[in-house]
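Student: Sequence:
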Amino acid sequence: MRCTTPAFICLSPSPLLGLLRASHTRTRTPHTRSLITPPPHSLASLPHHHRPTPLPRTTTTITHTRARIPHIIRAATMSYPPTETDVISNDSLFSDSVEFDAAEKPLAAENPVAAEDVQGFADMNSTPREYDDRGLATDDDKMYARSRYPEEESAGPPPPPPPATNAFMKPRKTATKPPQEWVPVDLPVPEDDPEDEFEIGTAQKPVYASTDTTPATRGAAAPKVQFVNGEPDMTGEVTNCFEEPGLLYRIVDQRNKTWAFYNDSRSFEVHVVCTFGKHSKITPLENTKMTRDENTGEYVMELTVYPGETELFIKGFVNGFASKLSALPLSHEYFEARSEAQHQQVVQVEMDAIRAIAGDETDAERILQICLENGLPFVDLSFPPVQSSIDAGASKPFKRLPWGRPRMYVKPEMHDQIRLFRNPISPGEVEPGELGDCWLLCAVATQAENPAWVMQMFRHPKGADAARCEHAIGAYRVSFNKNGLWRSILVDDYFPVIADVPAFAHSRDACELWPAILEKAFAKMHGSYAMIQSGDPMHALTDMTSFPAMRIDDLFSQATVNNSRDLETKMFQWQKKGYQAILTTPGKAPATSADAQSSPDFSDQPEMEEVFTGTGLLPGHAYSVLDVREFQKGQIRLLCLRNPWVYGSGWTRAWAWDSLEWQQHRDIATACGFSKHKGDTSIVWMTFEDALKYFIGGGVLFRAPAAHAARVPITFADCKPGAVFQVSVKAPMDVTFILSNMDHRGMHVDEAGAAESDPNNMDYPPVMLSLAAPVPKETDVYQVVQNSSTDMTQPSDNAWLFLQAREIAMTCHLEPSAAPYLLIPRLMEGDETVGSGGGEDMRDFVHPIYYVNDRVHLFRHESGVKAKEIAVTIGFSTDAEIGDNIVVTVCRIGESNAVFENFPKFPTDDVEPHDEELYFQTKESRFGYAQEKTGTVIC
1 MRCTTPAFIC LSPSPLLGLL RASHTRTRTP HTRSLITPPP HSLASLPHHH RPTPLPRTTT
61 TITHTRARIP HIIRAATMSY PPTETDVISN DSLFSDSVEF DAAEKPLAAE NPVAAEDVQG
121 FADMNSTPRE YDDRGLATDD DKMYARSRYP EEESAGPPPP PPPATNAFMK PRKTATKPPQ
181 EWVPVDLPVP EDDPEDEFEI GTAQKPVYAS TDTTPATRGA AAPKVQFVNG EPDMTGEVTN
241 CFEEPGLLYR IVDQRNKTWA FYNDSRSFEV HVVCTFGKHS KITPLENTKM TRDENTGEYV
301 MELTVYPGET ELFIKGFVNG FASKLSALPL SHEYFEARSE AQHQQVVQVE MDAIRAIAGD
361 ETDAERILQI CLENGLPFVD LSFPPVQSSI DAGASKPFKR LPWGRPRMYV KPEMHDQIRL
421 FRNPISPGEV EPGELGDCWL LCAVATQAEN PAWVMQMFRH PKGADAARCE HAIGAYRVSF
481 NKNGLWRSIL VDDYFPVIAD VPAFAHSRDA CELWPAILEK AFAKMHGSYA MIQSGDPMHA
541 LTDMTSFPAM RIDDLFSQAT VNNSRDLETK MFQWQKKGYQ AILTTPGKAP ATSADAQSSP
601 DFSDQPEMEE VFTGTGLLPG HAYSVLDVRE FQKGQIRLLC LRNPWVYGSG WTRAWAWDSL
661 EWQQHRDIAT ACGFSKHKGD TSIVWMTFED ALKYFIGGGV LFRAPAAHAA RVPITFADCK
721 PGAVFQVSVK APMDVTFILS NMDHRGMHVD EAGAAESDPN NMDYPPVMLS LAAPVPKETD
781 VYQVVQNSST DMTQPSDNAW LFLQAREIAM TCHLEPSAAP YLLIPRLMEG DETVGSGGGE
841 DMRDFVHPIY YVNDRVHLFR HESGVKAKEI AVTIGFSTDA EIGDNIVVTV CRIGESNAVF
901 ENFPKFPTDD VEPHDEELYF QTKESRFGYA QEKTGTVIC
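Here the UniProt record's numbering is used: the first residue of the sequence shown is 1, the next is one more, and so on.
No wet-lab data here; the hints were simulated from the structure.
Warning: the hint list may mix true and false statements.
In silico BS3-like cross-links for lysine-lysine, where the CA-CA straight-line distance does not exceed 25 Å [as the list claims (entries may be wrong)]: (1) K633 <-> K570; (2) K570 <-> K462; (3) K730 <-> K678; (4) K278 <-> K170; (5) K281 <-> K324; (6) K868 <-> K720; (7) K730 <-> K693; (8) K730 <-> K577; (9) K289 <-> K205; (10) K173 <-> K278; (11) K315 <-> K173; (12) K777 <-> K730; (13) K315 <-> K257; (14) K257 <-> K170; (15) K278 <-> K289; (16) K278 <-> K315; (17) K678 <-> K693; (18) K905 <-> K933.
If you anchor each label on the Cβ, the simulated ranges turn out as follows [to be verified]: (19) F572 <-> A452: 21 to 29 Å; (20) S796 <-> G753: 23 to 31 Å; (21) T174 <-> G753: 46 to 54 Å; (22) D196 <-> N374: 50 to 58 Å.
For clarity, every value in this text was computed on a predicted model and none was experimentally measured.
Even for Gly, the Cβ is constructed at its ideal location relative to N, Cα and C.
Could you put the whole structure together from the sequences, leaning on the hints where they help?
Tutor: Put into structure tokens, the structure is as follows:
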């Protein structure tokens with residue numbers, strides 16, 4: 001009998017993949033549209049009444065070319081496909097169009113702004129300008145003498161420019177303004193970390209001087225403008241070149257008669273074309289190309305400005321000009337050039353320094369020791385900062401991205417402030433980036449409900465001193481539980497970058513590394529970033545916590561039939577036991593702008609916009625259940641959810657913060673903490689009826705924070721387990737038994753298209769766990785009392801159900817009087833599970849540790865016998881300390897025992913303790929890492 005667990009899969013193409021060809025079965029036809037209701041913080045984010053007054057007859061067009069999300073498997077797509085940017089044009093920037101009639105001359109076509117400090121605030125000047133009959137500014141030859149500037153009177157030399165630390169961005173010529181003071185970060189050192197492993201106690205944040213509100217040019221004070229992402233590499237009058245903030249600015253140094261352009265975006269290259277009057281006396285600077293119109297004598301200057309960079313444009317006397325600007329998606333040539341330069345000038349140099357000592361060695365731990373002994377920056381040669389670490393397994397190559405360390409893109413004064421943690425950990429604080437791994441980030445948001453759970457993953461197995469030594473050379477560790485075993489994944493701090501920001505998941509604080517390190521370690525564990533683009537958030541939660549999980553989509557589908565009573569009963573039970581439930585919305589995650597966090601774009605699924613308007617919820621996302629309450633004898637049943645991705649006004653349905661329900665039910669308001677949480681749009685209370693309306697399923701993580709755990713890798717040889725386990729308890733207790741198959745994700749990373757395959761739809765070996773107890777008054781006879789089922793909280797006592805799933809588990813109540821119990825792992829015989837059958841040899845695809853207790857090791861006397869070996873991991877979890885109140889002994893059982901024929905009663909005269917020691921792991925609840933041990937008794 002076979003049973004496949006429900007699939008919840010997110011197929012989320014990234015814009016990096018270029019999945020725009022209709023001929024590919026997982027793509028969609030390109031769709032170009034005019035953006036009518038753009039996301040806030042995108043390039044057309046401000047409503048008209050909040051935008052600067054547009055130039056007469058000057059149009060700014062924003063169009064987005066976006067890829068369709070592939071076919072959805074069973075449930076919601078969870079991804080962050082960012083909006084793919086297309087041309088943004090502003091044909092007339094500083095002067096009116098040359099096609100305008102003289103009667104339509106603007107009153108103020110130029111809005112000069114003075115660049116002031118590192119925060120990027122500036123004051124708009126509303127002084128009118130005069131224009132000739134062609135719409136060209138007529139007084140540009142006088143503009144340099146109009147005002148006095150503070151910099152003319154400043155004393156002392158300018159600060160030296162910062163040293164060049166990378167080759168993926170143009171180096172600055174001037175230093176950024178230093179902070180006025182430093183203050184401690186808003187994050188206390190954890191109470192359980194007296195050694196301050198993460199150096200939080202010494203972390204500080206800069207405070208910059210307040211912005212001067214005095215206008216820098218003559219005229220009344222005007223609205224302030226703030227740079228969105230950085231600051232120019234030149235001081236002077238600043239003009240916002242587009243209606244939208246955070247794109248292109250012109251800087252004019254009137255004292256030196258010099259123009260420059262600064263690109264404040266992260267996704268666009270801006271092509272600048274300015275035509276200057278024939279009587280101008282100007283010289284092109286740096287990368288500016290100049291041509292002269294043979295018919296009119298006008299000068300045409302062309303320049304491309306890339307993200308985060310300032311380009312000098314011209315110098316000299318200007319006699320009228322017109323402009324044409326186009327903001328385009330970053331070109332293939334840009335990424336190729338920047339990536340190649342960074343690799344050759346920086347990355348390759350660091351790798352060569354290591355290889356000069358290490359030779360052909362690539363093992364990360366050995367390379368780390370070499371770097372520590374020789375004072376070299378650590379580069380993980382097993383997952384190097386090269387393109388294949390990004391797109392291995394993808395059906396089409398990603399755009400090529402440069403790799404940079406944090407010290408290569410943060411301000412020089414912040415280099416010694418780089419930490420794993422600098423800010424309070426909370427759901428929704430992670431910027432998703434461009435990868436499209438929303439399923440993973442949803443799991444991270446759930447994990448972040450308790451900051452200690454996140455920090456625990458980064459604890460160093462050897463203590464704080466070892467951690468600090470490794471962090472100093474750019475080495476970090478993250479603990480995951482993969483295929484049942486805990487693994488400390490070692491990575492360097494090179495991340496794919498676009499301009500001066502990590503391209504994928506990252507913190508809003510450039511000096512805080514934990515989100516980017518976690519994502520990178522997860523990508524390394526599966527072979528590449530491409531291999532983690534889609535998946536089930538429950539799988540990610542299991543990988544981060546080691547606890548088993550279960551999908552509850554069927555409960556949701558049945559809830560409409562039985563008035564949700566079964567679902568409610570389950571959720572109350574889970575809440576009481578401390579299990580973590582999440583709910584998922586239908587559809588696919590809407591596109592967002594890659595340049596900044598933005599509101600969702602529902603153009604591909606307008607029906608979803610209609611459904612979710614007024615809820616603050618997003619399609620294709622997962623939401624943690626914080627609380628479940630019942631009032632008035634079940635007449636009012638409420639769920640409390642966390643919404644880290646709230647948009648708009650948030651939840652406006654029944655039990656919204658400003659709804660009448662709270663006033664009508666004061667007792668409920670008190671019980672739900674209304675006065676404490678009112679106004680927090682990330683906390684949503686709703687009825688079960690609304691939950692069934694907006695969610696289609698979810699899952700539950702059987703989290704047991706106080707549990708002690710042990711894991712033992714074993715193999716099945718022609719379906720017979722290499723070990724069975726005798727379990728004795730000294731007091732009544734619940735014990736959770738787990739069997740983990742080998743996850744298919746990442747196994748075929750070297751094959752093109754592996755990243756687009758669905759790990760949930762692959763056929764895992766059909767497995768089962770059986771727990772047997774001695775039959776009273778009979779000698780050497782046991783009877784199966786519990787078998788694993790689809791619900792780990794309800795094992796079966798009368799059915800034998802083999803499940804094809806990544807993990808199976810069952811929680812059983814054990815009594816000392818019925819001990820010793822016998823746990824028997826089972827594998828169903830089939831064409832791919834016996835020696836004569838087909839199927840792949842997993843040894844070629846998984847870490848050797850999973851085969852350390854294989855048949856050759858445990859049955860040395862049968863070394864000549866060939867058998868098909870399939871690796872699994874057996875787990876034990878209980879609140880009692882393993883080895884004290886619960887004792888697990890590793891045994892062997894005869895291959896012909898009747899239990900393998902599904903007989904409930906079977907003899908145990910062929911069961912005896914193993915004479916070979918096995919490798920196993922144990923983990924205490926307070927640690928994020930495991931202890932590695934060997935023996936025949938697990939303790």
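Student: Work down the list of hints and note, for each, if the structure agrees.
Tutor: Against the structure, the hints come out as follows:
no.	hint	in the structure
1	K633 <-> K570	17 Å, holds
2	K570 <-> K462	41 Å, violated
3	K730 <-> K678	48 Å, violated
4	K278 <-> K170	32 Å, violated
5	K281 <-> K324	20 Å, holds
6	K868 <-> K720	10 Å, holds
7	K730 <-> K693	48 Å, violated
8	K730 <-> K577	23 Å, holds
9	K289 <-> K205	42 Å, violated
10	K173 <-> K278	32 Å, violated
11	K315 <-> K173	17 Å, holds
12	K777 <-> K730	21 Å, holds
13	K315 <-> K257	5 Å, holds
14	K257 <-> K170	23 Å, holds
15	K278 <-> K289	16 Å, holds
16	K278 <-> K315	15 Å, holds
17	K678 <-> K693	24 Å, holds
18	K905 <-> K933	34 Å, violated
19	F572 <-> A452: 21 to 29 Å	26 Å, holds
20	S796 <-> G753: 23 to 31 Å	39 Å, violated
21	T174 <-> G753: 46 to 54 Å	48 Å, holds
22	D196 <-> N374: 50 to 58 Å	27 Å, violated
Violated hints, listed in ascending order, are 2, 3, 4, 7, 9, 10, 18, 20, 22; each of the other numbered hints is respected by the structure.
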